[in-house]
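Engineer: Sequence:
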Amino acid sequence: MGKIHCPVCHSDLKKELSALSDADKKLALIILFCQNNYNTIHPDTFSFIKIGLKIAGDFGLKNDENILNTYYAFYLLHHEKRNKAIDVCNSILPGLLKKRNYSEFGLAIIILSQIEWAKGNLEKAYEVVGMGFDLLKNKKNKHRALIRLNWILGGFSLDLNEIELAFHHYQISNKLCVDETDLGMVSYVKIGLGSVYKNKKNYPPAYGLFKEALAASQKNKLWLVESRSYFELGSIEMAQKNYTKAHELLKNSYDIRKKNKAFPALVSSLNSLAELDLEMHNLKHAKSKLREAESICIDKNLRAKMSSVLLLMAKLAETTNDYKSALNYYKKHTQLEKEISKITIENRNQYLKLNYNAKKTKQENALQRLTNRKLKTALEKEKELNELKSRFVSVASHQFRTPMAIIQSNTDLVDLIVQKSDSQLSRPILKANGRIQREIQTMVGLMDEILVLGKITSGSTLILRPRNTNLEDLCQEVASAFNELQDESREAIIITSGRTKNVNIDRNLFKHILNNLLSNAFKYSSEIEPKIKIEYEEHTVKISIIDEGIGIPVKDLPNLFTPFHRATNVGDIKGTGLGLSIVKEYVELHGGTIDVQSNLNNGSCFIIDLPYVKE
31 MGKIHCPVCH SDLKKELSAL SDADKKLALI ILFCQNNYNT IHPDTFSFIK
81 IGLKIAGDFG LKNDENILNT YYAFYLLHHE KRNKAIDVCN SILPGLLKKR
131 NYSEFGLAII ILSQIEWAKG NLEKAYEVVG MGFDLLKNKK NKHRALIRLN
181 WILGGFSLDL NEIELAFHHY QISNKLCVDE TDLGMVSYVK IGLGSVYKNK
231 KNYPPAYGLF KEALAASQKN KLWLVESRSY FELGSIEMAQ KNYTKAHELL
281 KNSYDIRKKN KAFPALVSSL NSLAELDLEM HNLKHAKSKL REAESICIDK
331 NLRAKMSSVL LLMAKLAETT NDYKSALNYY KKHTQLEKEI SKITIENRNQ
381 YLKLNYNAKK TKQENALQRL TNRKLKTALE KEKELNELKS RFVSVASHQF
431 RTPMAIIQSN TDLVDLIVQK SDSQLSRPIL KANGRIQREI QTMVGLMDEI
481 LVLGKITSGS TLILRPRNTN LEDLCQEVAS AFNELQDESR EAIIITSGRT
531 KNVNIDRNLF KHILNNLLSN AFKYSSEIEP KIKIEYEEHT VKISIIDEGI
581 GIPVKDLPNL FTPFHRATNV GDIKGTGLGL SIVKEYVELH GGTIDVQSNL
631 NNGSCFIIDL PYVKE
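Letter by letter, the sequence shown follows residues 31 to 645 in the working numbering.
Some hints here could point you the wrong way.
[As the list claims (entries may be wrong)] The calculated label-pair distances, taken between Cβ atoms and stated as ranges, are:
1. Ser510 / Glu278: 43 to 53 Å
2. Asn545 / Gly160: 12 to 22 Å
3. Lys114 / Asp189: 22 to 32 Å
4. Ala245 / Ser355: 39 to 49 Å
5. Ile193 / Arg465: 42 to 52 Å
6. Asn589 / Ile637: 12 to 22 Å
7. Lys572 / Ile328: 45 to 55 Å
8. Glu309 / Ala245: 20 to 30 Å
9. Gln248 / Leu62: 17 to 27 Å
If you are wondering where the hints come from, they were derived from the structure by calculation, not from laboratory data.
Bear in mind that the values here come from a model prediction, so they are computed numbers and not experimental data.
Backbone N, C-alpha and C define an ideal beta-carbon position, used for all residues, glycine too.
I would like the entire structure built from these sequences, with the hints used as guidance.
Structural biologist: As structure tokens, this is what we get:
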């Protein structure tokens, strides 16, 4: 049939369809258009889907019919026809799976799970996604489905404030997106990763990812993605108190959503604009936006969105000292949340299993905010104590260095004197002096680690000073320093693969990461050379520190990055149990992840996955 060119907009599609007489070509064109443009949810979309469904029905093309029905279900979802969308998805899933239409299969699972999530049936939503994974077992070339399933799990995890789990799922989706042609899906994966960074208050990479999604959406006319990108960019500007810029971006999101009648998302835009007005003390404007949001929620029966509107109304009333109205709004909000989630005292454990109790507790405690002003004082005291702890750790560390430095200088002097002496005691004195010097270095290293840990636990922000760095050169620098301390038979080996790309990292922090991991590799393996493996991939660089040492028992792996935790098989090998916890903090500060693979008595491999972050 030849290659089909996909039109950009609905008017172009209409022209091309009218010029075609071949039904097969018409059907193929409609399917291709839906695959590339379903994220636009244009009002004419359904009419083209109906044309395609009629052609497929007339010719008995069941597979094409199933594919088109997937995009029909997506259309139904965004037009608040959830029950119909459920029926359509359930009817097409077996056929999509049988014919290996994995992109549409994944989209159908997303639709079903999102509906359950919106209804408050969290366990059911997870069950739907789990069913998707189960059905894909032993299937080949299923990556397009896995992109979508991991993406939706990332979204669920974000909602439940499981940030690391969300990052894990979004990363999997991102790695699988290499050959993905669904540009809307690729953009939503970027938005997901950006949302994780935003949650961590690591705004530069978040902003960059949202900008990328915005550019892609504007180029490909994907208004859903465009409005979401504007929304996220606006929320970052608001968090940084750039209120003028925040208002511009959030207003752009609002305008797009209002034009396209995307009512649930429109309420979110109104809520954020109202929050911004509250921050700027534009109370009249805030009230106007919340009234508009309330009207939409009532008209469209958006109960979940109404809950967030009520919460903001309570805050507004509290700001104006209208405590009676505030209390009333808080009560309505809490009651509505309970109704939506179908939560009672008896079934609360169900939510505890999902780590959702923190959110519910926060909502219920909102009722006490009007009278429990002591909480604010307590939080301020806690902050003060944390700062005091941080200062104490810092002062203690520095105070400790002075006597250590004196002892070190005196041991150096003893070495110098003894080396010039011919006394029979020279050798044992030098040996003892060497032990003292080694212990001094251990103590200094320990104080350094305690100082860093004190900053982390006290909530202090570690400042990242990234610069363009050749990773191979940095690894070689660290490895060379270690190699000089080893005997000739044992050196760290560097292995690279992929096309070399410079990275933006804090050289000092990253040297600490490499020093710690390489030190462990030498310390816990006595014969085989440790390896540093650098793998340059499309979106990330992977750095692996590999040894063939004693390995780590399975029972120790979950707590390996916990401060002061040491594996149970280290024996007399010295260590503090602080190094790996600090390494993890430094890696995550760079927006990366660290994982470990280990076999007892066969060695360990620490794997750092680091995204390329633009300057």
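Engineer: Are there hints from earlier that the structure breaks, and if so, what are their numbers?
Structural biologist: 2
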